[in-house]
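Undergrad: One-letter residues, chain by chain:
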Amino acid sequence: MRRRNLRAFAFITIVVALSVLILSFQKIDLPGESFDREATGPLGLSLGLDLSGGTHLVYSAEAPVIVDISFESITAVNDIKLHLIANGYLNVAVDDYGEGRVSIRMTELSPQGEQQLRSILEEIDVIEDFSVRRENPTSEQMEGVVDVIERRINAFGVSEPLIQTFGEDRVLVQIPGAENVNIDAIFREQVQEAAVVDFLDQLGFGDAEILVIGPKALSISDTYTIGESELTSGKVVQLRSHLQESIGTVASFESDYETGEIEAVFEDQIYVSDLVDAIREFGLNDPYVLGPIGTEIRMRVEPSVIDVREALRVQLKEAFGPIDSYEISGGVEEAKSLIGQTASLKFMERSCLNDTCSEFVDKDTVGDKGEQLTGGNLEQAFADTHPTTAAPIVRFVFDGPGTRIFRELTSRIEGDSTKCVATFLDDVELICPVVNQRIISGDGFVEGPDFTYDSVRTLAIQLEAGSLPVALELIRESTVGAVLGDASLRASLRAGIVGLILVALFMLAYYRMSGLVAALSLTVYAVIVLAAFKMFPVTLTLSGLAALVISIGMAVDANILIFERIKEELRMGRSLRSAIEIGFRRAWNAIRDSNVSTFITCGILFYFGRELAEPRIIGFSLTLFVGVAVSMFTAITVSKNLLQFLAITPLKNKPNLFTPERLAGPSDGVESERQ
Amino acid sequence: MDIVGKRGWYFLVSGLVILIGIVSLAIPPAFNLGIDFTSGSAFEVNFSDNVDEETVRQAIAEVGYEDAGVQMLGVDTVFIRTKELNEGDLGLIEDSLARNVSPVQQISKVDTVSPIVAEETVRNAIIAVLAAAVGILIFITWAFRHIPGSFRYGVSAVMALSHDMLIVIGIFSILGKIIDVEVNAMFVIGLLAVAGYSVNDSIVIFDRIRDNVSRDIDRPLSESVNISIMESMGRSLGTSLTTFFALLALILLGGSTLRDFLLVLLIGLAVGTYSSIFIASQFLVMWEHGEIGKAFRFLRLRSLINRGN
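As you go down the protein sequences, you meet chains A and B in turn.
Residues 1 to 675 (the numbering used here) are what the first sequence spells out, left to right.
Residues 1001 to 1309 (the numbering used here) are what the second sequence spells out, left to right.
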């Protein structure tokens, strides 16, 4: 008995110590495995939008552009379409109104673009009339936008976002977690860590953490190596003059045709990024540029809005010189890019292999019956790596019709080395593989030059959740307070503490020593529950709070059930020790069955919450499950062992201390009724 | 104390409350739907000083928008969501804000926002609770398999669950009509919590009945039930009073935004405790006595009351 209690106490002490340890660190990052828990809430708990606020984002839908044209003579719609596709206008729809009048619908068109489009169309026929108008998104489209965003955010795992249409053409999105953002800045020159820390401190980013420094500068020389696989002397000369024009005076330009590399030195300091852009502009495929790299610094700053971050960039530039790259990540950045991108995927048949060519078979006739093949035909999409190159890719599985269309397309061009399947994401061509063998399984993948391991994850979610019916632009970003009001919640927290103290006082006054046991047991319960929430991790929202209140009630109930049974046993004249033993055993059936029924309820609610995509129901069931499980654990271990322990101390001779009522007579030692 | 003997009365009282609730639900609008379920208006207000959201909330409540959503955007700007505003309403709000909070620098254009919670959510919650009820029915039937008529225990617990849901829903429909209490997303969550509590509490009482029935198998069920209720009265009062007072403290001392939600829990708790003793357990006895069939046949509770007395 004694030994068993000791072991139990050792176990409880370890669990409580571990829980306290878990709660005392704001951030837990275990080395090796990718396990890290970090949140800005008290005790490092993550709190939902309703309890602690987050980020307030307003997106504006970009109205699709409609160009009304009147040609001099009647032109076939199909010709117009193919001509437009050949000129890079991929996402267009052309409607024929007869007598040469057509309407072209596209997602966006800049004022300069209007002129360009006009001249391209004039190659077909003389234009009599050309006008551009924008069509506001319909309310159905806006509802579609809200649906898609909701699906994306749910798939991303953000709990209980708030998404509303806002006015006629905007969407309001609030997502929890205004966690610290990472700013990765690559300075052109070497920068001292201490200097950046001091500077951030001066600007009022006192809490900023500098996480990564490096890589250190490789060399201070201004020699850049430009790699290009097909180097010819003519190209080298052209490239030199192109760079002279767009970047600055070239001091030396030496090429090595064997390695396919050029060593370039410029008279002035230049940005690596500018050089890359200029080379791309020149039309080389896959150029790579090696050059002196400054210092890369990762700054971790308080949640801040876009304006503040842009201001910081300017200030950093003034203080430390040019910044080659300034990237924001972490916090809600990923969620933001997840929301905004249209993510429309499209497959087309291209009848030439040259990278700059654009002879497409009519985009509407990918399938044998003229069906289109788009992201809407996907059943699943997930991030993966390329089997041979290990590059990040998005793998996908087509749905039934998609599989059929893809099979028809690949059968048609099977073994034809002059045709390939062009794959577009938001109208940018990613890849165009030739088809060696028809694909009947209905799965494939896309890869792209800009893909990173993070971006394919986002993209997979976007593709699976569907593309946005209209393009979105982020027009307002701000941190936002709790939906339930920070001040109001603080008041409620204080009131909750008062309430718990009242409960503890009542238990102490009524059940005396047992009440003390209950108070201790409930404290242990609270510590373990919070630690469990942190480790799971559970994002605490109002639904979670509701579950917590109920599970506290059940934890109190478990203790009261035990005490009432003990009271009865004492009344029957048992010794304290056997009263505790039997009382607990009797109460246990009720505790077990009622809690198991709650587990079943949680399981069913969780299942339906998932199926019906109701984050509130999921949050409620998850929290209730954790709460009741811990309450059962503390009832078995803490309450029982504490009581058993007290029963072997001198207190055992004072059973009156364990029950609210005066016992009739001397009761110790009467154990005849043992069952 | 003879609790079982007066069982007709409990069903009469509960039946009346549920009936009034159903009548209220039948008169449209069934609920006074809050801004979570209806489309409303939203705008930003920029003040010339730093403000705190509770003061803003009070100022808006003063002109009749108690349930407005108020969130801080930074330190001097608030984002406000209200029920749909008509011409001139904004002026009232602006006046009150300027008077009670701080001079108003700028108010953005007022725009319509769509409901936050789709009506689907309510339907989905109902589906989930119904499915959970089936699960509970099966579990209780299994857990009580060693005593006669275990299926009845499952049915009675689910009866009590439906009773609690109906009463809470009915009360909020009535409160919405007489004192404008609104129903929001929190209400749905509160209902889930009430459902969880209701079943838990019924099982605790049933456990006691199971104990007493298996101890003396020849004792009439009505007697066993009565003994069980009396024996577990201490626990019922202990648990419900502690939780009740903790919730009451939260309602009286806590912030305004959680009040409606806590009210659901408080009412649910009271009804849940009541129904375990006065509905779930009594239903068992009525079933045993074959009174349920009669109740359906005559649809007159009076005969039951006479019999009970």
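Be aware that one or more of the hints could be misleading.
[What the hints assert, rightly or not] Here are the simulated EDC-like cross-link-like pairs (lysine to aspartate or glutamate), alpha carbons at most 20 Å apart as the crow flies:
#, chain 1, residue 1, chain 2, residue 2
1, A, K369, A, E310
2, A, K235, A, D277
3, B, K1109, B, E1119
4, B, K1083, A, E447
5, A, K81, A, E371
6, B, K1109, A, E334
7, A, K81, A, D368
8, B, K1109, A, E168
9, B, K1083, B, E1044
10, B, K1109, A, D169
11, A, K336, A, E371
12, A, K369, A, D384
Derived from the structure by calculation, the hints contain no laboratory data.
Keep in mind the model is a prediction, meaning the values are calculated, not measured.
Undergrad: Evaluate each hint against the coordinates.
TA: A quick look at each hint next to the structure:
no.: 1; hint: A:K369 - A:E310; in the structure: violated (51 Å)
no.: 2; hint: A:K235 - A:D277; in the structure: holds (17 Å)
no.: 3; hint: B:K1109 - B:E1119; in the structure: violated (27 Å)
no.: 4; hint: B:K1083 - A:E447; in the structure: violated (48 Å)
no.: 5; hint: A:K81 - A:E371; in the structure: holds (16 Å)
no.: 6; hint: B:K1109 - A:E334; in the structure: violated (30 Å)
no.: 7; hint: A:K81 - A:D368; in the structure: holds (19 Å)
no.: 8; hint: B:K1109 - A:E168; in the structure: holds (12 Å)
no.: 9; hint: B:K1083 - B:E1044; in the structure: holds (15 Å)
no.: 10; hint: B:K1109 - A:D169; in the structure: holds (14 Å)
no.: 11; hint: A:K336 - A:E371; in the structure: violated (33 Å)
no.: 12; hint: A:K369 - A:D384; in the structure: violated (32 Å)
Against the hints set out earlier in the document, violations occur for numbers 1, 3, 4, 6, 11 and 12.
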